[in-house]
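Those protein sequences? They're chains A and B, same order as listed. So the first sequence is numbered by numbering that gives the first Met the number 0: it starts at 0 and just counts up by one. So the second sequence is numbered by numbering that gives the first Met the number 0: it starts at 0 and just counts up by one.
Keep in mind the hints are simulated off the structure, nothing from the lab. Mixed in with the good hints, there may be bad ones.
Stated by the list, open to error - When the alpha-carbon atoms are kept at most 25 Å apart in a straight line, the in silico SDA-like pairs for lysine to any residue are as follows:
| hint | chain 1 | residue 1 | chain 2 | residue 2 |
| --- | --- | --- | --- | --- |
| 1 | B | K120 | A | G62 |
| 2 | B | K117 | A | R133 |
| 3 | B | K120 | A | V47 |
| 4 | B | K231 | B | E20 |
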Amino acid sequence: MDWELARNAFWPILSGGLTGTIPLTLVSFAIGLVIALFVALLRLSPNVILAWIGTAYVSVIRGTPLLVQLFIVFYGLPNLGVVIDPWPSAIVAFSLNVGGYAAEIVRAAILSVPRGQWEAGYTVGMGTARTLRRIVLPQAARVSVPPLSNTFISLVKDTSLASTILVTEEFRKAQEIAAGNPDQILLLYLEAALIYWIFCTALAAGQSALEKRLDRYVAH
Amino acid sequence: MSPTDATGAGPEGPGDVLEPEDRARRGTPLLTVRGLHKTFGDNHVLRGIDLEVRRGSVTALIGPSGSGKTTVLRSLNGLAMPDAGTITAAPSRRQVRRGVPDAESPAGEPLTLDFSRKITKQQRFALRDRSAMVFQQHNLFPHRTVLQNVIEGPVQVQRVPRAEATWRATELLERVGLAEKRDAYPHELSGGQQQRVGIVRALALRPELLLFDEPTSALDPELVGEVLAVMKELADEGWTMVVVTHELQFARAVADEVLFLDGGVVVERGNPERMFREPRRERTRQFLHRLLHPME
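Construct the complete structure from the given sequences, taking the supplied hints into account.
Below is the structure:
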C-alpha cells in the first residue's frame, strides 16, 4: 500500500466529490422532485389519459437501467442531431430517473393524507390547487421524507455512473489517478468508496434531523 | 331561548357577533332544498329530501347510520353532489351588502343549483361560500397552530389582512376559552378543545350558515358537554345551524325543527319537544326508544 499516494490523492478525489458529485446530486434531485410531483399528479388525475401517461412514465424509468438511460441521452440523442454536453446530459438523465422513482413516493404520500383534510380545505373556501399546496403537500412532505431520503442517498452513489459519460465527478477523479498507478487501484478505489460513505453517512444524519423537525406537530 | 323565539329578535345579549344583513333577514329562508336524490353505486342514499333552512333557526338531522343525514348535510355545501333535486340559496350577505353578484346569479336573485344538470365549479363555490362546516373528526390542519388553523380561510381565501384576522381569531378563541392555546398544535389539545377550535375555524369565515356533522360523536363522553355548550351559545346568539347529531337532549334544548331520516327519506319532521314526546310514525318511535333505552 502506497500511503503517500493515498494522502496525495485524497484532496483531488474529495474535490471531485465537492465539485462534481454533490452539485450533480443536488441539481438532479431538485429537478427530479419537480418532475415527481408533476408525474404523481398525473397519476392521481381522474383523467384516464393523463393517469396513463404518468403510469407509463414511471414504468419506463423503473423498468430500464440508469446506465442505459444515461447512454441514450449522451451517446444516443446525437443521432437525432441533439448533442448535449456531459454535465447537462447527466442532469437530464438523473432528473428523469429520480422523477420516476420519487413520483411513486409522492403519490403514496399524497394518498396518505386523510380525505377530511381535503374537505376541511374546501370548506374554508380553498380550491383543489390551494388545498393541495397549503394543506395536503406539507403533510405529505412529512410522510415522504424517509423514502425520499433513500432516493437521495442512492442518487449520490448513482452519480458515479456519470463518469462513463465524461463528467468529472468523484469517481472519475479516482479513475484518472488510478490510470497512472495501476498497482494501487485497490487503494484508490477504496479511498473513493470511503469518501462516498462519509457523504452518505452525513446525509443519513441530516435525514434523522429533518424527520425530527417535521415531526414536531405530530403526537407520539 | 325557547324554540319559538327563533324567528324573533333576541334580547341584546352577545348577538352583535351576527352580521347586520343576516340579523335583518332573520326568519327568511336561507336554503330551500327540494327533492334531493343521491346514489352511491347501488346504494340509493337519498330518495327525495325536502328541507327549508330559515335564518336564525337550528335544524337537527337525526336518524340511524346510513339514513342519509350526513349526505344531506354535505350536499348543503357541495361536498356531496346529489344526482337530482335543487338547492336554492337566498342572495348572499356579500351580495346584499355590496351589490356584488354571485358568479351564477345576478345581484338580488337567489342562487339555484339544479343537480339534474351539470353544476359548475362557480356554482359550487358560491353555495359553499355561504356556509362553514364542523366535522366529526375535527379535521384541523395538524401542521398548523391553532391560530394558523383559524386564520387560514380568512387570510388565504377571503383576503382579510393578517393582523385583522389574527385579532378576530383571538377574540373568537377567547369566547370559547382557548385564547391561551393559540400557539399550540392541534395534537396538544384534548378532543373537546380540538372541536371547539374547529367551531372557531368555522366562525372565523363569517358564514351565514353553520353545518355540524356529528360534532360530538368522536369525543369521550366527559368532553361532549363543553362542545354542546358552545353550540348552544351560538344557537342562542341567533346563528343559523344545521346539525347532524345523536344528542337528543341537545336537539330538544336547541333545535327549532328536527328531521328524522331513515332510508334516504324524511320519515318525520317537527318540533323536537312534540316529536320526542309523541312521535307520529312507528319508525320514529322505535328509533327514539332505542336511543333513549339502549339496553332494552
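When the hints from earlier in the document are held up against this structure, which numbers fail? 1, 2
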